[in-house]
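Please build the complex by placing chain D on the supplied structure of chain L, with the hints as guidance.
These protein sequence lines are chains L and D, in that order.
Residue numbering for the first sequence follows my numbering, starting at 304 and increasing by one per position.
Residue numbering for the second sequence follows my numbering, starting at 78 and increasing by one per position.
Any given hint could be a false lead.
List of simulated lysine to any residue pairs, SDA-like, C-alpha gap at most 20 Å [as the list claims (entries may be wrong)]: (1) D:Lys-444 / D:Ala-183; (2) D:Lys-113 / L:Val-470; (3) D:Lys-233 / L:Ala-472; (4) D:Lys-178 / D:Ile-381; (5) D:Lys-178 / L:Arg-473; (6) D:Lys-113 / D:Lys-178; (7) D:Lys-113 / L:Arg-473; (8) D:Lys-453 / D:Pro-463; (9) D:Lys-233 / L:Ile-471; (10) D:Lys-233 / L:Ala-468; (11) D:Lys-444 / D:Ala-536; (12) D:Lys-453 / D:Ala-538; (13) D:Lys-453 / D:Phe-516; (14) D:Lys-240 / L:Ala-472; (15) D:Lys-240 / L:Ala-403; (16) D:Lys-240 / L:Ile-471; (17) D:Lys-240 / L:Leu-440; (18) D:Lys-178 / L:Ala-331; (19) D:Lys-453 / D:Ile-381; (20) D:Lys-240 / L:Val-470; (21) D:Lys-113 / L:Ile-466; (22) D:Lys-240 / L:Ala-381; (23) D:Lys-240 / D:Ala-257; (24) D:Lys-178 / L:Val-470; (25) D:Lys-453 / D:Ala-467; (26) D:Lys-113 / L:Ile-469; (27) D:Lys-233 / L:Arg-473; (28) D:Lys-444 / D:Phe-516; (29) D:Lys-233 / L:Ile-344.
Think of the hints as simulated: they come from the structure by calculation, not from any bench.
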Amino acid sequence: MVIGGITPEAFAFGLFTILTLGGALGVALNRNLVRGAVWLIVSLFGMAGLFVLLSAPFLAAVQVLVYIGAIGILITFAVMLTRSMTNLRERFTNQWWMSAIVAGLFFLFLLLGVVAPVWGSLSPDQAPAIVGTTEQLGVSFVDGNQFVLPFEVVSLLLTAAIIGAIVIARHQEEEE
Amino acid sequence: MDIPSFADLNLGVTLPAVFLALGTTVLLLIDAFLPKERRHLTAWFALAGVLVSFVLTLFNFGSSETALAGMFVADSFTGFMNLVALTAAAITILLSIDYLKRTGNARGEFYSLLLLSTAGAMFMASANDLIVVFVALELLSIPLYIMAAFRLNNAKSEESGMKYFILGAFSSAFLVYGSALIYGATGTTNLQEILASIGGIVEAGSSAIFYLVIGAALIVVGLGFKVAVVPFHMWTPDVYEGAPTPVTAFMSVGAKIGGFAALLRVLVTALPFLVAGQTVEPVWQNTIMIVAALTLIVGNFVAISQSNIKRMLAYSSIAHAGYIMMAVAAAANPFTADFAARSALIYLLAYTFTNLGAFAIALAIEKDDGSGTDIKDFVGLARSKPVLAAAMAVFMFSLTGIPLTAGFTGKWFVFQATMQAGLVPLAVIGVLTSVVSAFYYVRIIVNMYLSDGEGDEAAGATPLVNWAVYISFAGTLLLGVFPILATNLTETVTLLASVAP
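Next comes chain L alone, as it looks inside the complex:
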C-alpha cells in the first residue's frame, strides 16, 4: 500500500526519527530537568519504534520496559529527590562548548562508521527477515536443555528483592 508515493515503512521511519531526534533536542535544550527527563522518554520511545522497523521486536519491547519503564522513572525520581534542582533555570556553565565538541566528534565517528564500511560491509541484503526472537528466547528460558536453571534462580532473586523492598519500606510504619 502506497499513499502519495510514501510507503507505510517510510512514513513510520520518518515519524520515529522525528520522535528520536526531537526528543534528543528537547533533552539538550531544555533547562528544566523534569521536562528534560520527559523529553528523554520521548526520544527513547522513538528508538523503540526504530527497533521494530529493524525487525527486532524483542529489543523494542526491552527498550520500552527497561529504558522507559525503569530508567526514565529512575531519572525522574532522582530529579525529584534532589528537589532544589527541579526548578533549576540558571544558565549552563561556560563549559558547554566542550561537551558540544565531544558530542560532535562522537557523532562524526559514528557517522563514519555507518557510511564508510569500516566495520565490515553494509550491503542491505544482510538485513534478516523477521525472526521469532522473542519466541526463541521464551522457549530457551523454560527448555530443560537450555536456561531453565538460571531462569528459575533469577525468579527467586526477584522474590528476594521484592521481600527486601517491603521489609525495608515497612520500617516507618511499624514504628507507630
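Below, chain D alone, put in the same frame as chain L:
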C-alpha cells in the same frame, strides 16, 4: 529440536538446593498465614527445611553427575559445600530467634531471606556455567544486603546495608564483564567447554588469550569483593559492625562459601591451562598469590588495633580469606589441584564452626541496643559466665590455629597444599601472620581470665544461643581431634576434568 526427557534433566541430584529454594517460597506463605500468636514457629519451620536439605545432601553425597544440560554439577565438592552452608544456616537460625526478639526485629521474612541466601550459596557451589555462577551469586548477595539493613531505626544497620549493596552491585558488574569477555573468547559459558576450547586458543597464540586473561582477572576482582580479600576488603569492617550480629555471623561464612566455591570452580575447572609460555602454572597463579599474601598481612595486622569485637572479627575474616586464597593459589598447579581444593573445603568447615561460635559469644554479651561489643566488655567473663568464656577461649585458639582445634586442622591442610605446590614464600607468610594473629586473639582470652573487673552478665545467652555455642564448640573440637571426619568426606573431590599430561 531435541526434546529432553524428564530423566535427562537428572533433577534428582539437584534436590538439596531445589528443595531448599522451593521450601523457602512455601515458608513465605506459611509465615503469612500463621496467626499472629504462632508466628514464632516460622523459625522452626525454617530450621526443619535446613535439616531436610541436609539429609538430602547426605543421600546424594559422593555422586558425580551433571544435571539440567550441564548447568548444574553435583559432585563431592558440591556436597561438602552444601553441608557447610546448611550448617551455617542452622546455627544462624538458632542465633537469630532470641536476638531478633530482644532487639524488636522479629519478623518472619528474615528466615526466608536467610534460606534464599543459603540456597544461593548452594547453587554457586554446584554452578557449572558462568551464567549460573552470576545469578546464584546474586541470590546469595541480595538477601544479605537486606538482612544487613534489617535492624529497625538504626543508622548503623542502614549504612551497613547500603554500603554492602552499592559495593556488592559494583563488584557483580566486574564478574559479569569478566564472564562476557570469556564468553567472547571461547563462545561458551559452560565451564567444561571453556576448558576444552582454551587449549586451542593458547596453542594458536591468538589474540583471544588477552580476553581470557582480562576476563579471568575481572572475575577474580568480582569474587574477591564477595569473599573480602585485600585490596577489595574496604567494605568489610563497616558492614560487619553495622549489621545485626547473627547476620554478620552468617555473612562472614556464607559469602565465603559461595565466593570460594565459584572461584575454585571457575579458575580450576575452566581455566587451569590458561598458561603463558612453557610453564605448568596458569597465569592467574601469581595474581592469586599476591592477593593472598596482601590479605594475610593487612587482615592480621589491622586486626590488632581494633577495639570492637565485630570489627576485629571482620579483619580476622579478611585474614582467613587470605588462608583460603593460599589454597586457591596452590590449586593452580594441576598436580596439587585436588588436594588444594580439599584443603580449602576443610578450612571452610573449620572456619564455619569456629567463627559462628565466636560471633555467638559476641552476640551473647551484646546489649539490646547493639552496644556492648567492645573487646573490654569481655573483661571478667570467666567469672560471670565460665562456660561461655571457656568456649570463647577455644574459638580464639581455633582461629589462631592451635593444635587440637579445628583451626589447626584447616591450617595444616592449607599449608601442606601450599608447600606441595612449591609456594614456599607464601607458606612462610601464612605461618608468620598466624603468629601475629595470636596477639589479638589471645588478648580476648587475657581479658576474660586475667583482667580484673566485673564480668558481663551476658544477657543474650539464652538457651538457644547456648545451643548454638555448644554445636560450634563440638564441631571445633571434633574437627580438631578427629580430622578424619572431614578428610573422609572430601576424599573424592576433583575439580579438574583431566590432569595435564
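Requested in this report: If any of the earlier hints don't hold here, list their numbers in rising order.
Outcome: Numbers 4, 15, 17, 18, 23, 28 and 29 - these are the hints that the structure violates, sorted from lowest upward.
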